[in-house]
Each structure stands twice: as C-alpha cells, then as structure tokens.
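Peer 1: Protein chains in written order, with numbering that gives the first Met the number 0: chain Z, 0 to 325; chain P, 0 to 391.
Bear in mind the hints are in silico, worked out from the structure with no lab data behind them.
Note that this is a predicted model, so its numbers are computed, not measured.
It is possible that some hints are incorrect.
Stated by the list, open to error - With beta-carbon atoms standing in for the labels, derived distance ranges:
1. R49/P / S152/Z: 51 to 57 Å
2. D260/Z / S142/P: 41 to 47 Å
3. L371/P / P313/Z: 56 to 62 Å
4. D108/Z / N169/P: 56 to 62 Å
5. N359/P / P313/Z: 26 to 32 Å
6. N214/Z / L371/P: 38 to 44 Å
7. D126/Z / E273/P: 32 to 38 Å
8. R390/P / S152/Z: 56 to 62 Å
Said to hold, decoys possible - Computed cross-link-like contacts, DSBU-like style, restricted to lysine-lysine with a CA-CA straight-line distance of at most 30 Å:
9. K286/P / K53/Z
10. K286/P / K34/Z
11. K265/Z / K307/Z
12. K310/Z / K368/P
13. K175/Z / K44/Z
Claimed, not checked - Covered, in the sense of this in silico footprint (three residues per stretch, anywhere, with C-beta under 8 Å from a C-beta of chain P), are these stretches of chain Z:
14. 117 to 128
15. 135 to 142
16. 148 to 154
17. 158 to 169
The C-beta atom is built at its ideal place from N, Cα and C for all residues, glycine as well.
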Amino acid sequence: MIGFLRRLSPGIIVLMAVAPAAAGPSGQIYVTNEKSSTITVLDNKTHKVIRSFKTCKRPRGVHFSKDRTQFYVGCADDNVIVVYETATAKLVKRIRGIEEPETFDLSPDGKTLYVSNEEDAAVSFVDVETGKVFGYVELGEEPEGVQVTADGSTVYVASEAANIVHVIDTATATIKADILVGTRPRRFALTPDEKELWVSAELAGQVDIIDTRTNRTTGDIVFLPTGFRRNEVTPVDIMMTADGKTVYVALGRANHVAVVDVASRKVRDYILVGKRPWGLALSRDEKTLYVANGLSDDLTIINAVSLKVVKSVPVGMVPYGILIDD
Amino acid sequence: MRTLTILLLVGVVMGSMSSRAAEITTIAVGYLEITDDPRYEEKRAYARIRVKPHDRPLPGAELAIRESRILGRALKMKFRLERGKGKTAADLAGEVERLSAVGVRYFLVDADAVVLDALAKATADRDLLLFNISEPSDVLRASGCQAHLIHTLPSYAMRTDALAQVLIANKWREVLVLKGSLEGDAAYAAAFQASAKRFGVKVTAIRDFVLGNDPRERGKNNIRLMTAKDDYDVVFIADTEGEFGRYVPFQTNRPRPIIGTEGLIAEAWHWSWERHGAPQLNQRFEKRAKRRMTGPDWAAWMAVKAVIESIVRTKSANFNTVRAYLKGDRMTLDGYKGTPSSFRSWDNQLRQPVLVHTHNAVIERAPLKGFLHPTENMDTLGFDRGDKKCRL
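Bound-form chain Z, shown alone (with noise of 0.2 Å):
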C-alpha cells in the first residue's frame, strides 16, 4: 500500500506541474541526474522541485539551443543526445549515434554540436537540424570539456587522460595545437575578449589559464581552501562572469566552491557547499549561483553577491550538469 501511494504521488506532482504555454522564460531550473537517469526540474523563484522525470541512461552535458527554446542532454549510455522543448521540457527529438556524448558546446550560429566522445577518445561535429557527424578528430583519451570562440573558428577540448587542451580549427575538423596543462584537465571559461583560456586541472588541485595567441600556459591558480591538503582538492567545473571580473571554481572533493578575481588572479573567498561539487550555472542576472553537488545529491544555492549560501535542495542520484531558463 505504501509502495502504491509512493508510486502514485510523483504522477500527481506531474499534473501539477504543466508548464505555461506563453513565451518568454519560464523560469524553470533543469538539473541533469547522472546515475538515476533523470532531470529534476526546479523553480528558480522559490527554488522548490516541481518535478523530475526519466530521461535518456546516464545524462550528464545539457546546454541551450541558440534561441534557449530547446535544450540538448547528452547521454552517455545510451549514445544519444535528446532535444528537450525548453517551456514544456517535451521531447523534441533524439540525435542517435553520438559514442558516449559527455560534454558539449554549440557554434554561435547554432548550428553545430562539438561533443566531446569520452570512450572514442574525439569530439564530433554534429548538425543539429539532420543529426549528421560531418566531422570527427581523434583526440587523447577522456576528451571532456568543450569550449567554441564567439566567431566559431576555434573548439577547445580538454584531454582528461592524455592531460593536454587541444586547440581545433572548426573550418578543417583539424588539430591547430596542443597544450600540455596540469593532470586531468576538465573544464573551461574563456574570458570575454578570449586572450585566456582558463582550464580546471582536477587532480594537479589547480587552474592553469592558457594565453590564446601563443597557446602556451601562462600561470595557475592552485586552490587551498582551510583545513584542506593540496591533493584533497580536486576542480572540475569553472565559470566566468559576463564581465570577465569573476571565475567560480567547484573543488570536488574540497566541497567547496572557489570565488577567484581574475585581474589579480587570487582567490577571495572559499564557499563551503555539498559533496563533491562539479556543475556550475550562474542565473542570468549574475545574483544566484547554483551548484551541482555529486556526492549528496543535492544542489546548493549561492547569493553570488554575498557570497553566502541560501539554501540546498535535493535532487537526483549524482547531479551533473545544470541549465536555467530566466
């Protein structure tokens, strides 16, 4: 009996939850759940869940169509990425045939996926409309984080295994360089006139920030929050502020999050948040910073004006990547 009503009150919440046709933002978070397979959607006003739902095995990647009017999660069990309408969250589509999608980024013109293949070891070019790969480099292994310069010309990955950022000319699907950064690189921010290209380097504990015309690295930040050995602190996410002036760093097993000024490259502040935070997402207007922690299954909710945390809200198993329509 309790089995029935516990099976039952999710497809009540479900009725509840349809969301309003008219156009504009909805104002709906979207949170992606690695190991239950499934997207857990939250109000970003009252910052409650309003439901979550099954989605493709082992999502991980989301990001926005160029108009936000859809979004892409990349599964990597299932080797799909599925088109999600953004207002509705109804399934638009599925783009099969992408090997073990992890991260992903978009050409400004909206018209291409760069996803990075985690078990092929490349990043393929995927066109949105006909869910075709017209192009394919081989990378070193674990290729995860994806970043595309605003004219398009350039892709970034981040090797994990191979621990190198390789630089590709999106033109010619061809490798223009490679860099050799910290052990087990993860994730970009690329400042705002992309003379520096910021990488989390999880297991060397640091982020190493690249100079773009010279493709050699040029310092590091390395992270040491109180009461936290060098080796115990292990960044993955990072993400920088429209106006260049600020980068947030998720310390994974230092369950904190990094507050760094970018000018003078120093750490201001250490955010205590959950277990082993990795996915990062600002709101639009820059005041809420939301934080995907893996190991409690939970997301934590920053102030990013004070600085402090307001709340945390239970999600899926092993949250991971987190998009937010306002």
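Add chain P to chain Z, keeping to what the hints say.
Peer 2: Quick look at chain P alone, frame taken from chain Z:
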C-alpha cells in the same frame, strides 16, 4: 611453489632523441616476464572451477602505451613496448642486457619476489629502473629493498592497513585469523598481525588450515570447528590460493563477516570501482583485454604511465633527469582513485589509495576518513618513513 614465472620488463628505449622538433623520437619501454610462471598456471579446483583470476598483467601495460599515442603526437614522441622473456632471473638479466644495449632504461618486471630480488641484485650497478607490478611482498619494500626497484602494486602491509582501518571504523576490534600453508599466506597473515597492532585491533587466535577431509585433522580442515572457540567480531583469512577460503563465508560457527583474501578484500584495483574516471578506464581495458582489470593490470598500467609522465614533464631523454622527476615530489600521477599518486622516497613504493571491495562493490577507499597523517594521509597505509624498514 610460487617461485617465479614471468618477468615483464618494461624498459624505455630512448631511440633517436633528436634535437630537431619535426622528428619523432621513439621510446621503448621494456616488459619482462617469466615463461611458465607458476603464478599463472591454470589453477583449477575440483571440476575445473577457476577459483581466482590469474592473468598476466601485460594488457595493462599495453593500454598505457595505447593511451599515450595522442600525447606522443603532441610531443613528437612515440612510445612502444619491447618484450623480453626467460625461465630464470639470470635469463631476465640477459634480456635487460640485450635491451639496455638498444637504449631501454625502464623495465616492467612481472615476476615473484625471488626473481625480482635476484634480478635487481644482478642489475644493481646499472642506470635503469625496474618496476615491480605483480608482487606484494613486504620484504621487497623493507630489508630487501633496492634503489632501482620501484613498486606500483601496493604491498601486503598497505592492504592489511586498509583492512585494519575498516575494522576500526566499524568498531570490529577482535579478529580470528585463519592461515594457509603457502608463503604468501604466511606473509599476508603476518602483515595483518602488524596492522592489527598498529591500529589497535586484537587478534584473538591464529589457526592454520589445511585442505582435506581427514577426520584426524578436523581441527585444521573443518571450518565450523575452527571457528567455534571463543568469540571474535571478524574472521581474517589468508588463503592466496582461494580454494579453502571460498568455503569460509556462511560456514563459520558464529555469524561473522569474512575479510582478507575472501569476503572483504583490499587491493590496488577492482572492476566495480565507479568513481574518479574508473568506469572509463575499466571500459578501455575490458574492450582490449576481454576480461576485467585486476590490481596487477592496474600496476602495470601505472608503471608505464609513470615513465611516460616523467619523460613528458621533463621533456628529457636524460635518464638521471627522468628518474629524479619520477621519484620526486612533483610527480602527480592520475591512478583513477581520486588522489594523485607519487613514489615514497624511503622505499620506492607508489603511494596510492587502496580499494576495499566485495565481489561486486567497492565498500571503502582507504585511507578512510579520520585516519590522519602529519603530511600525507595515504602514508597511513604501509611502511612510513619513520618505520625505517628500508635503507636505500
């Protein structure tokens, strides 16, 4: 009995280290093994049941070489394995001779303690490094340690320290030890006794078991009888062969968990480890080897990675430069266990987390939370600097 078998020598041959950037430098890593290594005999119990996996760790080394190809492309280097085989330690010393003549400096050696010891002694005056990838012997990390013998596989002491931490964390403080007659059984049981003392676990009794049904030896072959006297929280079994051990769970006189070589097991690696990128490594390994990755596979993979990482970071073909980096504090090796690995300066052991697992799940990653060390928590596992076990 388990004398030796196969030596894998992974040497790195600095081929034509060219100053011109356009040219590709080929670096060969030696892999030495013993033919007819008894450790890899198909040990079948009655009715051809394969009790423990005994596979040579070569696919681990091959995987690390394959993984280096893109890094090599970026750095204009090509890495490959150069294999050597022999029946004895002297044969392998000959292989070292042959391969070092063509520039190989780094040798993975898949052999047991006796062969490793003899080979290391035979090559003591040479500019080369030997990597032990499959022998957990504590002696090789203590009185038998040698300056050019490097260990990527965790020692018995590291594994039993990991188990002792689990016991303490669970407040399971009294342990009955059952031990077999093989050298490895004695070594593993001795390591556990030392760990018990170190972490405050009480060994209530140590009983030798024998395989068989002889009624006159009931006290040694009957599990219920052996586990009937006195109370204990846990049974530690040292049965490296596994034929007796596999019948111990659920046959003890008291309902108690089993640890050691059965039940809850501490090792370098387990296929069910799912964090820190492990699923990707397991998938890559399984795809090529058609089997699951084991501790020695992981150790072979790590040894090749350690060599490549040191060459790549120093951008050097100079042996002394590469060795200094490899054994130094700047080493940051990614072993897919979440914490960067490096070598202990006092005994050449790779410091690393140890995975404590059942047959299908990793229960703990040691060092466990709360087991602290003044400088490096991973050094709560195995011989620490202050133990002064090895004099290099």
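Peer 1: Please go over all the hints and tell whether each is borne out by the structure.
Peer 2: How the hints compare with the structure:
At about 56 Å, the CB distance of R49/P to S152/Z agrees with the hint of 51 to 57 Å. Distance hint check: the CB atoms of D260/Z and S142/P are about 54 Å apart, inconsistent with the given range 41 to 47 Å. Judged by the Cβ atoms, the range 56 to 62 Å given for L371/P and P313/Z is violated: they are separated by roughly 31 Å. Between D108/Z and N169/P the beta carbons are some 58 Å apart, a value that agrees with the proposed interval 56 to 62 Å.
With their beta carbons about 27 Å apart, N359/P and P313/Z fall inside the hinted range of 26 to 32 Å. The hinted window of 38 to 44 Å between N214/Z and L371/P holds, with their beta carbons roughly 42 Å apart. One distance hint, 32 to 38 Å for the beta-carbon pair D126/Z and E273/P, holds here, with the actual separation near 33 Å. Look at R390/P against S152/Z: about 59 Å separates their beta carbons, and that is inside 56 to 62 Å.
Note on K286/P and K53/Z: the hinted pairing holds, with a Cα-Cα distance of about 29 Å set against a maximum of 30 Å. Between K286/P and K34/Z the alpha-carbon distance is near 22 Å, which keeps this suggested pair within the 30 Å criterion. Our distance criterion of 30 Å between C-alpha atoms is met by K265/Z and K307/Z, whose separation comes to about 19 Å. Proximity of K310/Z to K368/P is assessed by CA-CA distance (about 26 Å); at most 30 Å being required, the pair is judged to hold.
For the given pair, K175/Z sits about 44 Å from K44/Z by alpha-carbon distance, which is inconsistent with the 30 Å threshold. Requiring three or more residues with a Cβ within less than 8 Å of a Cβ of chain P, the coverage given for the segment 117 to 128 of chain Z holds, as 3 such residues are present. Here's how the segment 135 to 142 of chain Z fares: 5 of its residues keep a CB closer than 8 Å to some CB of chain P, so the rule of at least three is met and the hint holds. Only residues whose beta carbon comes within less than 8 Å of a beta carbon in chain P count, and the segment 148 to 154 of chain Z has 0; fewer than three means the coverage is violated.
For the segment 158 to 169 of chain Z, the proposed coverage by chain P is satisfied: 6 residues have a C-beta within less than 8 Å of a C-beta in that chain, meeting the threshold of three.
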